[in-house]
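Under our numbering, the first residue of the sequence shown is numbered 1, with each subsequent residue one higher.
No lab work stands behind these hints, which were simulated from the structure alone. Be careful, since some hints might not be right.
[Stated by the list, open to error] 35 Å max Cα-Cα, derived DSBU-like pairs, lysine-lysine:
| hint | residue 1 | residue 2 |
| --- | --- | --- |
| 1 | Lys61 | Lys82 |
| 2 | Lys157 | Lys63 |
| 3 | Lys132 | Lys78 |
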Amino acid sequence: MLFGPPDMDEGNTCSSLLTWMRTFDVEPICYTVNDVSDGVAMSCALHHIDPVWFDESFLAKIKTDIGSNWRLKISNLKKVLKAIVDYYQEVLGQSLEADSLPDVALLGEHAHSGEAGKLLQLLLGCAVHCAKRDEHIQTIMTLEESIQHVVMAAIQKLMMRDVDVTTAEPLRDIEAQLQQALNDLGEALQARDEALRQCQDVKLQLTSVEEDRGVLLAENNLLKERLNQPDCSIASTRGTARREPELQRRLEQLQEELFRVEVSREEFRVRCEELEREALLQDQKNRQLLSIAEEAQSMKDEMDVLRHSSDRVTQLEAAVESYRRKLDDLGDLRRQVRELEERNSEQVRSTMLLEEELRRANAVRAQLDAFKEQIQEVQDRASMEARRADKFDFECKKLQERLDTVHKEKERLRVERNSLQEAIDDLRCSQERAKYLGNLPQGSPPARTLDQEMLPQELRQRLLDLQHENRQLRVVQENAENNEIVRLKTLVEDGERQRNELLTENRLLNQRVLQLQSSVESLQNMLQERGVQASDSISLTKKMEEHR
1 MLFGPPDMDE GNTCSSLLTW MRTFDVEPIC YTVNDVSDGV AMSCALHHID
51 PVWFDESFLA KIKTDIGSNW RLKISNLKKV LKAIVDYYQE VLGQSLEADS
101 LPDVALLGEH AHSGEAGKLL QLLLGCAVHC AKRDEHIQTI MTLEESIQHV
151 VMAAIQKLMM RDVDVTTAEP LRDIEAQLQQ ALNDLGEALQ ARDEALRQCQ
201 DVKLQLTSVE EDRGVLLAEN NLLKERLNQP DCSIASTRGT ARREPELQRR
251 LEQLQEELFR VEVSREEFRV RCEELEREAL LQDQKNRQLL SIAEEAQSMK
301 DEMDVLRHSS DRVTQLEAAV ESYRRKLDDL GDLRRQVREL EERNSEQVRS
351 TMLLEEELRR ANAVRAQLDA FKEQIQEVQD RASMEARRAD KFDFECKKLQ
401 ERLDTVHKEK ERLRVERNSL QEAIDDLRCS QERAKYLGNL PQGSPPARTL
451 DQEMLPQELR QRLLDLQHEN RQLRVVQENA ENNEIVRLKT LVEDGERQRN
501 ELLTENRLLN QRVLQLQSSV ESLQNMLQER GVQASDSISL TKKMEEHR
């Protein structure tokens with residue numbers, strides 16, 4: 001602590017600050033501590049001090065009709081104290097220590113004068129540091145001298161709290177001057193008060209002397225009138241003649257005393273003028289010291305700003321260093337970006353080629369789909385042809401069975417013919433045998449006639465019919481079999497040829513499908529690789545944008 005304010009009684013400080021509070025046009029008028037214990041008057045005074053910071057929204061937070069509810073009073077006082085602390089920090093750039101803050105609970109519940117003085121002192125600091133501080137200082141100068149002394153001491157104590165250790169040396173002279181000015185101002189005020197009391201006594205004495213003079217003048221005039229009267233008695237004249245020297249001496253004494261009083265009054269008047277001049281000089285010195293204190297406060301503010309600027313410069317230097325590193329990284333990224341742009345241009349060309357190949361692949365895919373449809377149609381046709389081949393096989397089997405039946409019938413007829421031929425041979429042998437045995441006369445008919453004669457007529461007719469039918473059936477069967485065999489061979493050869501053609505076409509289509517599928521897979525792989533490279537390029541581009 002650099003210096004301390006003069007010792008002040010808490011009650012005297014609080015009453016003087018309450019007198020200063022009455023200079024604001026607020027309700028309620030602050031005569032006692034109870035008038036400020038609810039925080040309403042203080043909030044209105046803060047609104048007069050700085051209506052921009054302590055605006056209508058701040059006044060709306062303060063409850064007015066609270067009566068004797070000490071909890072609501074404490075709530076209002078907490079809001080006022082918080083607003084003052086924020087004003088010191090945000091607007092004035094000063095931080096208040098915790099031990100300098102008042103106990104609002106004690107003030108709101110018990111109306112403690114010391115805590116009220118602390119809070120009013122903080123409000124006074126807002127007034128003398130705001131934009132309209134000159135107006136508030138002029139208002140303080142219009143108060144009584146004793147109240148001015150207490151208020152100035154409170155301002156000094158508040159300034160002592162705000163003084164930083166780094167600004168102590170430049171402010172020592174200002175502090176000493178301000179202390180001397182306060183002491184001189186107190187002595188001058190005391191001397192003026194003493195001179196005023198002496199002047200008052202002299203005025204009273206002068207008034208008394210003038211009254212006595214007036215009485216004596218009245219008596220003198222009366223005596224003169226009596227002397228001028230011719231009918232005045234000798235006794236009265238003698239009595240008056242005896243009193244006249246005494247009255248004359250009394251008059252002379254009073255005149256001398258009046259002269260002395262006039263001289264004292266003149267001396268006191270001169271002394272009062274000198275004291276008033278000294279008071280004016282002290283007032284001017286006080287104002288000069290106040291201006292010097294304001295300049296010191298502004299210097300302190302500038303030092304705070306410069307300290308903040310120094311911290312800001314340190315931060316900016318660190319930021320510049322980080323930006324320099326980022327710039328180096330950005331150069332590397334730019335080189336990488338140029339490489340990536342070159343690779344990207346190559347990839348664009350490759351992508352265009354791949355897109356062209358993709359278009360061709362899509363065309364091939366469309367052709368593949370068409371081929372698949374054709375394959376499906378061919379497979380359907382192959383299925384139909386297979387069903388037709390199966391049908392032809394079935395018909396061939398049926399014809400084969402019929403051919404087998406015809407062959408069997410042919411064999412049966414052959415066997416029957418052979419048996420008939422054997423019977424005929426037997427008959428011929430019998431005829432020959434009879435011929436050689438001589439059982440027949442000369443001129444007998446030939447053997448054929450004998451056979452005919454030996455067989456019955458019906459049997460001979462039946463035999464002839466069978467032979468004729470046999471010849472006809474043999475001819476018809478041979479023709480039919482030959483035609484059917486030729487037709488079946490033709491159908492089988494056609495079916496085999498169509499089946500071979502379909503199988504060959506299906507095999508070729510399957511090979512084409514496999515080729516197209518491998519081409520599509522290779523194109524997809526290439527597109528995926530291009531997509532990975534494009535994602536790498538995009539990530540590097542994003543990284544470069546972040547460094548920018």
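We went through each hint and held it up to the structure:
| no. | hint | verdict |
| --- | --- | --- |
| 1 | Lys61 - Lys82 | holds, 12 Å |
| 2 | Lys157 - Lys63 | holds, 31 Å |
| 3 | Lys132 - Lys78 | holds, 25 Å |
The structure meets every hint from the earlier list without exception.
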